[in-house]
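For the record, the sequence lines run as chains A and B.
Under the working numbering, the first residue of the first sequence is numbered -16, with each subsequent residue one higher.
Under the working numbering, the first residue of the second sequence is numbered 9, with each subsequent residue one higher.
Do not rely on the hints blindly, as some may be mistaken.
Heads up, simulated DSSO-like pairs for lysine-lysine below, C-alpha to C-alpha not over 30 Å straight-line [claimed, not checked]:
1) Lys138(B) x Lys68(B)
2) Lys324(B) x Lys(-7)(A)
3) Lys324(B) x Lys71(A)
4) Lys124(A) x Lys184(B)
5) Lys69(B) x Lys46(B)
6) Lys82(B) x Lys69(B)
7) Lys78(A) x Lys16(B)
8) Lys324(B) x Lys46(A)
9) Lys104(B) x Lys184(B)
Here are some chain A residues the structure puts well away from chain B; computed CB gaps all over 10 Å [to be verified]:
10) Asp43
11) Glu70
12) Gly93
13) Gly136
14) Ile211
15) Glu212
What follows is a list of derived Cβ distance ranges for each label pair [stated by the list, open to error]:
16) Val244(B) x Gly133(A): 43 to 51 Å
17) Ser416(B) x Gly133(A): 54 to 62 Å
18) Gln326(B) x Gln56(A): 18 to 26 Å
19) Asp121(A) x Asp247(B): 34 to 42 Å
20) Gly0(A) x Met231(B): 24 to 32 Å
21) Asp121(A) x Met231(B): 43 to 51 Å
22) Pro241(B) x Glu108(A): 40 to 48 Å
23) Pro241(B) x Arg126(A): 38 to 46 Å
24) Asp225(A) x Pro227(B): 19 to 27 Å
If you are wondering where the hints come from, they were derived from the structure by calculation, not from laboratory data.
All residues carry an ideal CB built from backbone N, CA and C; glycine is no exception.
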Amino acid sequence: MSNKNKITAKQVSVFYGSKQALFDVDLNIAEKEVTALIGPSGCGKSTFIRCLNRMNDVIDICKVEGNIEIDGQDIYDNSVDVVQLREKVGMVFQKPNPFPKSIYENISYGPNIHGIAKDKTHMDEIVETSLKRAALWDEVKDRLDQPGTGLSGGQQQRLCIARAISINPEVILMDEPCSALDPIATAKIESLIDELKSLYTIAIVTHSMAQAARVSQHTGFFHLGKLIEFDSTEKIFKNPEDKMTQDYITGRFG
Amino acid sequence: MIREQRMKKRYAAEKRFQFLGVVSIGISIFFVCLLLFKVFSTGSTAFFKTTIQTEVDFDKKLLELEDIKNPTLKQIKEAEFFDVTYKAATSLYPYKNDEEEKSVKLLLGGNYEYEIKSYLLKNPKMLGKKVIIELTASDDLDQLHKGNFPRNIPEDRRRLNNFQLNVYDNLVEQGKIGSSISDYFLFSGDSRDPEIAGVAGAVIGSFFSIIICLIISFPIALMAAVYLEEFAPKNVITDIIEININNLAAVPSIVFGLLGLGMLLGVFGMPRSTALVGGMTLSLMTLPTIIIACRASLKAVPPSIREGALAIGASKVQTVCHHVVPLAMPGTLSGTIIGLAQALGETAPLLLIGMVAFVVDVPSVPTDPSTSLPVQIYLWSESAERGFVEKTSATIMLLIGFLVIMNSLAVWARQKFERKW
């Protein structure tokens, strides 16, 4: 009953200078589902996710080979504008990184630069909807003019999620969004991800196997730059085919 | 036992280390205090001048205005003041011969005739009356009054002869010698007579130079730093540029003076001795300093801010202009102010482009000939008159004052605009 594929990656290899970080990864991410990428540190899962919105472009020595298509469009094609790609594929980072501006400005920045809001009222609406979708509205609605950096870690991360969805992307990439948060904040983000998947295609990198099991429908296991196994989350956690996957999810290595 | 010995040794080493630190700080503070004490004790008197109460007779006849009933200001201005001033100057003390007459007149400052005339122009009602005016005393009397001239050395080695000392003592007895805040020092230009020489020309010259230096160097340095830090690819060319910028920051300033002399004056034929050329030369010198400060503060902006902006689809330029540069502003501003403070204290390059000239008029535009504060210090320190010694120190006080203000401004700018993340 899997949805149709939103993102298809074929034979993706990534090089940092002469060092190869990813080896021929084939992976499909289904529309309006959560796909989790797990694996030990340095296995290339973050590298892979950063290929999907071309964040690796900012690293001079990074070279991407292979083919990544979103809705059938090769995103590494010369005709693709990286700004438009990132408008479509949002990203949330490991460490909450709100801009040192007000909460309102944090959300309105994206719609502003893409000219999404028609006027001030429309912008107010966008800010409200984004914050509501990120389950942050009730906590900050009275202090939208206060700096976003003054919020707690979990609130900051939800602010970053709100910022990502303010421009109405189709895909949201999350790179270990809970690794800097406490369990309560993590639980909030997880239930948020669960709600968001009806609207957006989500790919999440996580170190927590429990988290992958809780939030995702598909899981990919990376090891040393290779995609070892990719299947439905249920299958990966209950009945993995590869011995290494089994060892990893049962905590025998990693 | 061994353990205790080792602990003792460790504590001793720690104490020694801290003691050395305290000693170093103590030595630095001692020298700063010594400098400040020396400068202030010599310089503070320069803000005061010695005056002599002199009776001036604005007699219409002496002014050759007896035929005019109610002379206008213009007519007073054009009147003949020679007799009035002569009479006033010679009335200080009865003299016997030409020699003594000259000695008496020399007790008044080089500008006393103008002071008398401007008094009447300001108070035209005093025409035909006798008034007591406090006239600026000469440098020699000024220094004598301030106690800088010893009296017990042979007459031929003194600036004031015995007769003049007598006159001085007599005037002091009559209570005619006074002292007041010197309007000359702060509000007039340079002069050969120390008692009427001032720093206004140098202050304005320095001000113009610094403003021009800021206008030229800040935008160029900021753009260069932003491009090198955010946009330029890392390759051999940018490496060479980076090394050269760092080297330029260490080049002796006089070399930039030569460049200014050769390029700005020689090739482009710009006016010499002007604040315009001075500011341009100084901006050559401050550019590398400001570029380095800007780059350091751009580097200090966390990469997560750049990623956050890029990830919601901001272009590179938007990321830099909306987020990185504003966050780097405090460091950039304080770096710029410190660079300018450095330029304010710079002498060598200005000597080469001719800002060392003797300029009496206070400049009104940057293309007027002028000097600057450090050059004025250099000029006065070379003068023989005793009065310039205190003027030199007082100018140093002003310069230190301006530097303290600029550096405080840098600290304030950093704290005011700093944002936490």
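Going down the list of hints, with the structure as the test:
With a C-alpha separation of about 11 Å, the suggested pair Lys138(B) and Lys68(B) falls inside the 30 Å cut-off, and the hint holds. Distance restraint check for Lys324(B) and Lys(-7)(A): the Cα-Cα separation of roughly 28 Å lies within the 30 Å cut-off, and the hinted pair is therefore satisfied. In summary, the hint linking Lys324(B) to Lys71(A) is supported, as the alpha carbons are separated by about 17 Å, within the 30 Å threshold. In summary, the hint linking Lys124(A) to Lys184(B) is not supported, as the alpha carbons are separated by about 77 Å, beyond the 30 Å threshold.
The suggested pairing of Lys69(B) with Lys46(B) is violated, with an alpha-carbon distance near 52 Å, which exceeds 30 Å. Of the supplied pair hints, the one linking Lys82(B) and Lys69(B) holds, its CA atoms being roughly 17 Å apart against a limit of 30 Å. Taking the CA atoms of Lys78(A) and Lys16(B), the gap is near 46 Å; set against the 30 Å cutoff, the hint is violated. With a C-alpha separation of about 19 Å, the suggested pairing of Lys324(B) with Lys46(A) holds against the 30 Å cut-off.
A distance of roughly 22 Å separates the Cα atoms of Lys104(B) and Lys184(B); the hinted pair therefore holds under the 30 Å criterion. Here Asp43(A) does not stay apart from chain B, with its beta-carbon only about 6 Å from theirs, under the 10 Å limit. Not every beta carbon of chain B lies more than 10 Å from that of Glu70(A), the smallest distance being close to 4 Å; the non-interface claim is violated. Not every CB of chain B is more than 10 Å from the CB of Gly93(A) (nearest about 4 Å), against its label as outside the interface.
Distance check on Gly136(A): its Cβ is at least 13 Å (rounded) from any Cβ of chain B, clearing the 10 Å threshold; non-interface status holds. Against chain B, the non-interface label of Ile211(A) holds: every CB pair exceeds 10 Å, the least being about 28 Å. For Glu212(A), the shortest C-beta to C-beta distance to chain B comes to about 29 Å, beyond the 10 Å cut-off, and the non-interface label holds. Checked against the hint of 43 to 51 Å, the pair Val244(B) and Gly133(A) passes, with Cβ atoms roughly 45 Å apart.
A hinted range of 54 to 62 Å for the beta carbons of Ser416(B) and Gly133(A) is inconsistent with their spacing of about 29 Å. Against the hinted window of 18 to 26 Å, the Cβ-Cβ separation of Gln326(B) and Gln56(A) comes to about 24 Å, which satisfies the hint. Look at Asp121(A) against Asp247(B): about 53 Å separates their beta carbons, and that is not inside 34 to 42 Å. Between Gly0(A) and Met231(B) the C-beta distance comes to about 30 Å, which sits within the given range of 24 to 32 Å.
A C-beta distance of roughly 45 Å is found between Asp121(A) and Met231(B), which places it inside the suggested range of 43 to 51 Å. A C-beta distance of roughly 42 Å is found between Pro241(B) and Glu108(A), which places it inside the suggested range of 40 to 48 Å. Between Pro241(B) and Arg126(A) the beta carbons are some 43 Å apart, a value that agrees with the proposed interval 38 to 46 Å. Our hint of 19 to 27 Å for Asp225(A) and Pro227(B) is violated, since their Cβ atoms are close to 59 Å apart.
The structure does not agree with the numbered hints 4, 5, 7, 10, 11, 12, 17, 19 and 24 stated previously, though it agrees with the rest.
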